[in-house]
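Student: Protein chains in written order, with this note's numbering: chain A, 1 to 449; chain B, 450 to 848.
Please note that the accuracy of each hint is not assured.
[To be verified] Non-contacting residues of chain B with respect to chain A, defined by C-beta distances greater than 12 Å in every case (computed):
#, residue
1, Val505
2, Phe546
3, Trp547
4, Leu554
5, Lys648
6, Ala663
7, Met688
8, Phe701
9, Ile715
[Stated by the list, open to error] Calculated cross-link-like contacts (lysine to aspartate or glutamate; reagent style DMTMM-like; alpha-carbon spacing at most 25 Å):
#, chain 1, residue 1, chain 2, residue 2
10, B, Lys838, A, Asp163
11, B, Lys464, A, Asp4
12, A, Lys360, A, Asp163
13, A, Lys361, A, Asp389
14, B, Lys838, A, Glu329
Simulated from the structure, these hints should not be mistaken for lab results.
By construction, the Cβ of each residue, glycine as well, lies at the ideal position given by its N, Cα and C atoms.
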Amino acid sequence: MSKDIRIKKGLDIKLVGVAEKNISEVKRSAIYAIKPEDFHGIIPKLVAKEGAEVKAGEVLFYSKSDERILFPSPVSGKVVEVIRGSRRKVIAINIAATATQEYKDFGTKDASNMSAEEVKNHLFASGCWPFVKQRPFDVVANPNQAPKAIFVSAYASAPLAADLDYTLAGKEPELQSAITAISKLTEGKVHVSVGANSNSPLSKLNGVELHKVSGPHPSGNVSTQIAQINPINKGEVVWVITPQDLVIIGELLLTGKFNATRTVALTGSQFSKPHYVTAIAGASVSDLTKDNLNTDNTRIISGNVLSGKQVKESGFLGFYDNQITAIPEGNDYEFFGWNKPIFNKISTSRALTFSWLTPKKKYDLNTNTNGEHRAFVVTGSYEEVFPLDMYPMQLLKAFMYKDLDEMEALGGYEIAPEDFALTEFICVSKQPHQKIIREGLDLMREELG
Amino acid sequence: MSLKQNLHNLKEKYKGTKMAPAFNAIHTFLYLPNEVTHGGTHVKAADDLKRTMNIVILAMVPCLLFGMFNAGYQHYAAIDSSLRADVLANFFTFDNFWIGIIKVLPLVIVSYGVGLIVEFIFAVIKGHEVEEGYLVTGMLVPLIVPIDTPLWMLAVAVIFGVVIGKEVFGGTGMNILNPALTIRAFLFFAYPTWMSGDKVWVYDAVNRTGTPDAISGETILGSYAQNQEVVYSTFDKFMGFIPGSVGETSTFLILIGAAILIFTKIGSWRIILSAFVGAAVMGIIFNQVVAADIITESSKFYGLMNTVWWEHLTIGGLAFGAVFMATDPVTGSQTNKGKWIYGFLIGFISIMIRVFNPAYPEGVFLAILLMNVFAPTIDHYVVQGNVQKRLKRAKVKTA
């Protein structure tokens, strides 16, 4: 079937520390933090000054480029600190939470009776617009453009990713309501993809085109799916929403409350008991991981090991993230590490590396770079883990020397940094692919967007 | 304190100084660095460039060892041709290997020594890390020069090759021409009378010239080019019991090297296979030319043109070039489609030069250098194909 997506190129990185399927409640954090850098490309204009009292859903700041795009507080409480960096850039807004959550009431809505304009305005007002992201450039969607389609990937293929079939189970009403609403925003279709053999709560939704996905990571990445279903051409825009964010939008429509509560997977070898917890966006990492984490020489990541952000134990869960990964730091030397046979690390070559012998084995990888930064040398290896119809190395080089014509021609509109996570993982020259792509996309957005 | 701790302290001490790259080069040789990821992916695959290069070197070791035995064997067999009657009994002897030790090892040492000194100097001046590219080049060079190449010539050529072939472009990964072949080409064009004679291929043949002990140092290609009879059997040619550059004679061991490169996914099987196919096609064309009586025995091209096409694959440097030099990812074609074209043309042009070049009957290194120059052009058209597809998709949409 043409509707189904099957890819062969890619790589499943199997790691120790898959989250067990049980959910525990953790106590409400004292402090929640919202970091504007989670919303890439947004310049925040602060509304809630230090000392302001906010309810969950009340605006903290808005986007300088479009003041309709509001960013809400996930909890009720008091803004205790606005942390600023150089040139007074807002780094984080810390909110001391009240003991019980109070919600701002946005009123219940019947999605099927709303017009496109009403849906849009409701998402603006309730602070749910930031959940809508766009391609090209992988940023919060520009509401002035009309998307040719909307994509929702409910198949998480990244290493140790939260199992969406499990975390979203029972959320059908919210999902349906959200889908009904957002489908008003596009002339085209809403494409939802689920795992080939899954009983995803998203597989029974009305008003969507369903795709079954199979194959190794990055089959769950939206770019991979877009490329197969309806590739982006120059001048076109598609919007992307994650299913866990659809639940928040759905709950808003059904109850009138902005409830940024998610089921978060605690994964990785440094957790003594990897499992799921429920948490509100911006929750403190130390509260989520309490009595469960080996903090000795540990890298804590908000998100997955490929594209997540490093956070400190005293840090906070990222706004969009539904996963915390903890793996050992690799800050030690390894004697003759460059030429001895390797059994405990993953490799796509067979250069005295033996992970090809044990494709099912789970590895406990650390953060060592396993080599030094070099110029691009090896060719042909990226293509094996890169399912998009592009030339990844040529594209990366064009992004490095910033030739806008080439960046555009080679497929720059169709990619997000996460699509280059696997090529970065296997890169023999240890080049920072995702950074190169991010910076290039920012330039493209500035010059061409 | 342990060695690990001592080295770590030294590294911290040298940090930011001019000598840091030189020290780090030695340090990272002993220990995989303690560098961790920051930003981007938090974990990385096991391979680095050192490991990749190391595999290529490993794949060449059989050729080197064989070359050391062969150095002695060709020397003694040139003196007493009765040794050729029973190759296997007379090949793996210590006397043969000793000639290898006194003749081949110095080539290896000079190649690595001079090349790495140049690399270190550039790393210190430019402030970049010492890159691994020369580990492979340094091994390739002694394998593709004639046994009697004077060491000073080799040293001059290595300096030229590393500086002009690589460092002026910015080091490993930036060069246009294969550095090892640049070195080989320099030797050939700077010292033509020495390098293209019929003497340098067998140890001591040069010194003995004009004396009653004179021996021949002719290669098979040399004999063919002069329309002479060739005394070696197909088995000899395939196994490599023939005169030639140090490490390129044994097609059998080169194929083992190719198997290692392909299995470890480090060498491109597309290039290797298509180079052999290209050479075979050119060989068949020439055979047909002879069969059609277009070229007759009186022609100076007759000897090589009449060589059966598959024999072309086993003699000269074709196999070595196709497996170890054409597959250089930096100077070769970088797209998978491009690799087919690139490899095919290398094989095709190699045999063409081999047959038509009267001065020096081996074309592989020239063919590879030529294709090095054209590789970016090939890639350009391959990539443009992808670009056109994207544009076309957009047009269909708007039409």
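Student: Could you run down the list of hints and mark each one as holding or not?
Tutor: Consistency of the hints with the structure:
Separation of valine 505(B) from chain A is inadequate, the least Cβ-Cβ distance of about 9 Å not exceeding the 12 Å criterion. Remark: the non-interface label on phenylalanine 546(B) is consistent with the geometry, its nearest Cβ contact in chain A lying 26 Å away (cut-off 12 Å). Even its closest Cβ contact with chain A, about 29 Å, leaves tryptophan 547(B) beyond 12 Å, as expected for a residue assigned away from the interface. Residue-level check passed: leucine 554(B) sits 21 Å from the nearest beta carbon of chain A, beyond 12 Å.
At the 12 Å boundary, the C-beta of lysine 648(B) stays outside the reach of chain A, the nearest C-beta of that chain being 38 Å off. Every C-beta of chain A lies more than 12 Å from that of alanine 663(B), the closest at about 46 Å, which supports listing it as non-interface. The claim that methionine 688(B) lies off the interface holds: its Cβ sits roughly 27 Å from the closest Cβ of chain A, which is beyond the 12 Å cut-off. For phenylalanine 701(B), the condition that its CB be more than 12 Å from all CB atoms of chain A holds, with the nearest at approximately 22 Å.
Against chain A, the non-interface label of isoleucine 715(B) is violated: not every CB pair exceeds 12 Å, the least being about 6 Å. Simply put, lysine 838(B) and aspartate 163(A) have alpha-carbon atoms about 36 Å apart, too far for the 25 Å limit, and the pair is violated. For the suggested pair lysine 464(B) and aspartate 4(A), the alpha carbons sit about 54 Å apart, so the restraint of at most 25 Å is broken. As the CA atoms of lysine 360(A) and aspartate 163(A) are separated by approximately 19 Å, the hinted pair is consistent with the 25 Å bound.
The hinted pair formed by lysine 361(A) and aspartate 389(A) fails the criterion: a straight-line CA distance of about 30 Å is larger than 25 Å. For the suggested pair lysine 838(B) and glutamate 329(A), the alpha carbons sit about 44 Å apart, so the restraint of at most 25 Å is broken.
Hint compliance for this structure: hints 1, 9, 10, 11, 13 and 14 are not met, and every other hint is.
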